[in-house]
Amino acid sequence: MRALRSVIGAVAGIILACGLVACSRGPAESTPAPAPGAQSRQIAVVVSTLNNPWFVVLANTARDEAQRRNYKVTIFDSQNDPAKEAAHFENIVASRYAAVLLNATDAEGSVANVMKARVANIPVFTMDREINSRAPVSQVLSDNYAGAVDVAIEFVEQLGERGRYVELLGIVTDNNTWNRSKGFHSVVDRYPGLEMIAQQSAEFDRSKALEVMESILQRSTSIDAVFCGNDAMALGAYQALLSAGLAGKVKVFGFDGSDDALASIAEGKLTATAMQYPKTMARMVAEFADRYLQGERNLPARLPIHVDLVTRGNIGEFGEHGRRGE
Amino acid sequence: MAAVASNRRRWRAVAIWGLALGIFCWVLPPFHVRTLDAPAASVARDSGPSQSPAHSARELWKQMLGTQERAVPLSTLLAAFERDPGAAEQEYGRRIGHGGPAFFFVTGSGRVLESTRKGVVLEIAEHSTRVLLVTGPVFGNSLRDSTSLVQIGDFDSFQFNALSAELNLLSEREVQPRIAALNRPGEVLNFTGGARFARRGGALEVVAIDVSPLK
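Just so you know, the protein sequences line up as chains U and B, in that order.
Counting from 45, one number per residue, gives the positions in the first sequence under the working numbering.
Counting from 85, one number per residue, gives the positions in the second sequence under the working numbering.
Just to be clear, a hint being listed does not mean it is correct.
Footprint (simulated), chain U over chain B, 3 or more residues, beta carbon under 8 Å [unchecked claim]:
{"#": "1", "stretch": "176-184"}
{"#": "2", "stretch": "220-230"}
{"#": "3", "stretch": "236-245"}
Hints listed in this document are in silico derivations from the structure and should not be mistaken for laboratory results.
C-beta atoms are modelled at their ideal positions from N, C-alpha and C, and glycine is treated no differently.
Whenever a hint applies, use it, and build me the whole structure from the sequences.
Next up, the structure:
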């Protein structure tokens, strides 16, 4: 009889315990998406570098849009250093920010930082630079491949399908670098008359592009064109060509649509670029963060933003990091 | 005797409680051991389909050929554009991201007018808009983005771009020889494909998945 009582007691205990645990579980265990930080109204804008005016526009626009939506905003400059970015994320997690708007330093290296925020239930939204992870709530990015295809079609036309060219790559751990390069080559490689004589990284940096281009020009000055993965490198490459007496003889193509590049296209120094829309991207991620923090979960995991080709022929339509009048 | 019986009952109670605790821990483990990378492993890699882009393109190509009846008739599309381009894009067009041109999965017929470096120009009955059946190297996303058969979330960005390039190659290899064979002024061609309006000029550029002579 006592044994029977023990069995009944044990079963009742299990049922009770199961019930208590089930009640205490709540949604946390079943939700892969993190809940927003507890009532915080602080948003962190983490930007790869503020040493390039294009990224200053990106960061400042994200800040302004988040502030317009009544968040307190802090901008963190990673100075293109994944270690600095990691330190920023430590601070962000410790300070319980509500969300992070991230322009990453490294497609792979930044994943751990985003995961850290995710484990702390701080949602991350990437802008302009993709990371190789589904951990961000949304990734809002230029359609770099399609933009580079358009630049390459112009490149082929400008060169008459024949010539020797140099390609300056961006940061090799960044997906944008390779999406632009692959988009470019998907076109140019179809024309056997076009020969790439050098392909080197200048890390999206103007000074480095100047150095790299000078070094290439010491080996050969028989060049018809240079394709650069961003405008800063295009301007650095142009400077090197100018010093070598080749300005105007070599066509230079960039990517970004920075103000300096547009001015240079207007003056005939650069041939073309691709207009990205940093303001659109920054406003969109700030809006997505706000909507997420208000409970919306139906946001796109990845959203490409169209990129426009800019040449001397249509330059009047563009300015101030976007299309005029928009 | 009483002491032995009592001892047996105690052991039985311990066994029952032990069994109950074991079942409880098995059903509801009190803790899980996992590394911080575990969420990354479960959610981070946007690995996309395991097939190569060429294989995915071939599969998509077959699906597009099998769903040609879903393509908008050219005359319907052009009539809608003549009324209201914005509404026509909204109703028949498709965009993957934010901004940029709309793409259309379109089917129709037209009379060969001339050949250019970029393709074969067709004259369309009752419409002033011309169609350019693209020949030579095909670039852009007209095929990938014109139908809802493929979603951006199904692929990582590199695969997604490679898919477009592979689809373009299929059009070059499988359809362009037929276009070349039928490219005679006055010949009337039926076609189906992904399309977009050209940036310069007003022709509808079609990257074809199927072309045949009008019987």
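Tested hints:
1. 176-184: Coverage by chain U holds for the stretch 176-184 of chain B (5 residues, Cβ < 8 Å).
2. 220-230: Satisfied; 4 residues make the cut.
3. 236-245: It holds, with 6 qualifying residues against the three required.
Comparing the model with each numbered hint stated earlier shows that all of them hold.
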